[in-house]
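For chain A, the structure is supplied; the task is to place chain B on it using the hints.
Protein chains: 2
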Amino acid sequence: MQRTRLDTDRIRAARRVIDPVFLGTPLYRCEALEPELGCAVSIKLETANPVRSFKGRGTELVASLLAEHGPRAVVCASAGNLGQALAWSGRGRGLDVTVVASRFATAAKLDRIRALGAGLELVDGDHELARERAADIARCEGIRLVEDSLDIETCEGAATIGLELVEAREQAEQTGPAGPPGPAEVAGPAEVAGPAELAGPVPPFDAVLIALGGGALATGVGHVLKDLAPGVEVICVQPLGAPALTRSWHERRVVTTDSTDTIADGVAGRRPIPAVLDDLLLVADDAVLVQEASIVAGMRLLLDHAGLVVEPSAALGIAAILEDRDRFAGRHVVTIVCGSNVDGDAYRRWVGAAAFPHRA
Amino acid sequence: MQRTRLDTDRIRAARRVIDPVFLGTPLYRCEALEPELGCAVSIKLETANPVRSFKGRGTELVASLLAEHGPRAVVCASAGNLGQALAWSGRGRGLDVTVVASRFATAAKLDRIRALGAGLELVDGDHELARERAADIARCEGIRLVEDSLDIETCEGAATIGLELVEAREQAEQTGPAGPPGPAEVAGPAEVAGPAELAGPVPPFDAVLIALGGGALATGVGHVLKDLAPGVEVICVQPLGAPALTRSWHERRVVTTDSTDTIADGVAGRRPIPAVLDDLLLVADDAVLVQEASIVAGMRLLLDHAGLVVEPSAALGIAAILEDRDRFAGRHVVTIVCGSNVDGDAYRRWVGAAAFPHRA
Chain A
1 MQRTRLDTDR IRAARRVIDP VFLGTPLYRC EALEPELGCA VSIKLETANP VRSFKGRGTE
61 LVASLLAEHG PRAVVCASAG NLGQALAWSG RGRGLDVTVV ASRFATAAKL DRIRALGAGL
121 ELVDGDHELA RERAADIARC EGIRLVEDSL DIETCEGAAT IGLELVEARE QAEQTGPAGP
181 PGPAEVAGPA EVAGPAELAG PVPPFDAVLI ALGGGALATG VGHVLKDLAP GVEVICVQPL
241 GAPALTRSWH ERRVVTTDST DTIADGVAGR RPIPAVLDDL LLVADDAVLV QEASIVAGMR
301 LLLDHAGLVV EPSAALGIAA ILEDRDRFAG RHVVTIVCGS NVDGDAYRRW VGAAAFPHRA
Chain B
1 MQRTRLDTDR IRAARRVIDP VFLGTPLYRC EALEPELGCA VSIKLETANP VRSFKGRGTE
61 LVASLLAEHG PRAVVCASAG NLGQALAWSG RGRGLDVTVV ASRFATAAKL DRIRALGAGL
121 ELVDGDHELA RERAADIARC EGIRLVEDSL DIETCEGAAT IGLELVEARE QAEQTGPAGP
181 PGPAEVAGPA EVAGPAELAG PVPPFDAVLI ALGGGALATG VGHVLKDLAP GVEVICVQPL
241 GAPALTRSWH ERRVVTTDST DTIADGVAGR RPIPAVLDDL LLVADDAVLV QEASIVAGMR
301 LLLDHAGLVV EPSAALGIAA ILEDRDRFAG RHVVTIVCGS NVDGDAYRRW VGAAAFPHRA
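Order-wise, the sequence lines are chains A and B.
Per the working numbering, the first sequence runs over residues 1 to 360.
Per the working numbering, the second sequence runs over residues 1 to 360.
Hints are computed from structural coordinates only; laboratory data are not their basis.
A virtual CB, placed ideally from N, CA and C, is assigned to each residue, including glycine.
Hints are all accurate, no fakes.
The following label-pair restraints were derived from C-beta to C-beta distances:
(1) A:D278 <-> B:D285: 53 to 61 Å
(2) B:E121 <-> A:A293: 36 to 44 Å
(3) A:R139 <-> B:E173: 36 to 44 Å
Bound conformation, chain A alone (with noise of 0.2 Å):
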């Protein structure tokens, strides 16, 4: 593999780092799933901590070195998980964290960055704006700028992740899997893979759906399967309504788009980093743009057969496989649930029209 930005020796020391409340989640089959997707399915559980997405693991490298030898005072834009993790991140540490992010923002995100004590200034137009005011202040204050998948530490965070995909891989190897799926298991639809594909003992996977937006998370990832797995497919899934890095990626050049569209608030760029998208060009397999109800549709799925709430972005992987089952029918796929972050009323409507009464 040609030489990404990130490195797998450094990696691997991050995790030194990273508070271990992040660290370890679930990787677990989810057989209830298979029937109507056609495949073995694992998922990957970034929720299950304090601030319910996998963006901790890089806050917890930033806010570290800006304890040890930085400046106190530290600022970014997010979506609203970075900058979760962030102030989480640096409450613990006695750094002084400011978020910008836009005023369209995911409400319950914004209402969590407030109560971690982080100061909160919103813009009046999309993420973009949000980075560019979020420079403007580090310029003008000289604090620290931390920009989601430019900064080395905020990949490295997100690509242990990756060390653990391929740690648990090796001890399936070796363990050999842990039964084959019961016959009444994969009688699934007709439509979709019958027993045949999933019949007798399922093999390590062989691909990692992952959400694409700023490109932290793929990159981390695909860099860790490309250098110690390289025969795992590393698939990239963005919403058709904000496709730039899928594009841009597709194109090997900067593509960048004047809006997006789509309920999946955590990967809605327009304009990719060159850096990311040339590290992403060197260890993605694939990227692929999936519609807003094959992503409202993977969280049904998630909710009523695996009992996850998840937000939007981490429905990602599961609208890709509906929307290719043929591509994955009898293989064992591993999604990332990247984060669970959602408003109530908003998840109510996406997983059914008159899901959860309002109870304000």
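Below, chain B alone, put in the same frame as chain A:
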């Protein structure tokens, strides 16, 4: 501590037998719950695994022993979670698993038991009748009967949760808390604990709330806590509608009831096991009963503020806090979220009348 049936060294050894997918489960503070509850709350999440409950820890021990040197056939009575876990553990080891359950058991649990390839026999009565029938089957067919909470492996498996709690607590004592709650965080409703209780760093947990059913979870986790962290208060929580073991604990003798009336299907027993009561008397500091409305309120809080879908038994701890805020004000409490297997329609009714339209 007087000797219970459990032994901490055996529990440590058990961890080497249990599939790692059930071990090292997430333990994290959920500050978004705290303004409502008036105390620091950490969640020990036992639902992010292939069977969505903690029962796999025990069935892994049972199935491993049988696979080594026991009969290849095994039967158990179950409200659904033990049967699902035994089916999973038995399938991977080529065991012939039969589960006996009440025909009134949670349909989703019965569906999973079938999907995992186990034989399922339904009895026209409650869990106690299922227990009788399972014993008859074992006697007639000469196969192994697994009795939840009586069979020491079921207690030892659950007890491994206690080891993880103690180890996390020791680590927290060494490294100190991961930062004080942000000021906004502690500004809860006026009637609950205010800033005073939660200001400043939060100490390691000083109480663990444990759902009380047959008693395996409470005696197992309780044994380890009393052995290794005796200062931690062990509080068992049972529904008012299924109070047999709690009443037995208070009266220090087995008390049975004629019926049960609770949505917490996982803990709805009527006939406590004497040996389990003996252990519970040694390791539990208290046993409390909670109302159905509090269980539902707990499920809603966990959904709305923690993004967790839980079954009623898993909300008992939060229900106990809601019913006695003063007792826990300003303290740091761990609640074990022990299962998430729910029927979609019933769950929607509980968390909000019109929640989620049915999607058959």
